[in-house]
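Construct the entire structure; sequences and hints are all you get.
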Amino acid sequence: MSASSPHRAAGLREWAALFLLPFGWLLLPVFGWLVGVAFLWSSRVWTIGEKLIGTLVVPGGLSGVLIQLVLVDSSSCTVGGAPGQRTVGHCTGPALPPALGIPLVVICVIGGVATPVLLGRRALASRF
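Everything in the sequence shown is counted per the numbering used here, starting at 7 for the first residue and increasing by one.
Derived from the structure by calculation, the hints contain no laboratory data. Check each hint, because a few of them may be wrong.
To be verified - Pairwise CB distance ranges (calculated):
(1) Val119 to Leu33: 14 to 22 Å
(2) Leu106 to Arg133: 35 to 43 Å
(3) Val36 to Val119: 15 to 23 Å
(4) Arg127 to Ala105: 31 to 39 Å
(5) Leu106 to Leu33: 26 to 34 Å
Quick caveat: nothing in here was measured; it's all calculated off a predicted structure. For glycine and all other residues, C-beta sits at the position ideal for the given N, C-alpha and C.
Next up, the structure:
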């Protein structure tokens with residue numbers, strides 16, 4: 007067998023990883039996803055490429071960061087000036103403009119669905 011091909015049947019660890027990668031943050035914020043990543047990387051069912059996809063694409067990975075850049079309002083305003091004098095305000099907008107943010111969210115949602123499907127198909131195929 008080659009080093010990149012899976013060589014063991016999926017067990018409880020693999021099915022737990024498939025659940026914890028997309029939903030672990032609901033059970034234990036940050037830690038649930040990290041446990042899913044640990045299960046993913048300790049498994050011999052998936053290839054290194056699949057493990058990288060599972061780590062970076064599923065919400066909680068890089069796609070989670072991108073979604074936060076789009077959805078979290080990072081706008082802030084500062085106001086200066088002495089009492090009785092005219093105040094000057096400076097405001098910043100969201101981290102990403104909607105023209106970039108909306109397509110990124112769509113890509114992240116598609117990746118968030120496609121990645122567990124890809125990993126699940128490999129886990130099911132490992133049974134045979």
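Just pull the numbers of the violated hints for me, sorted ascending.
none
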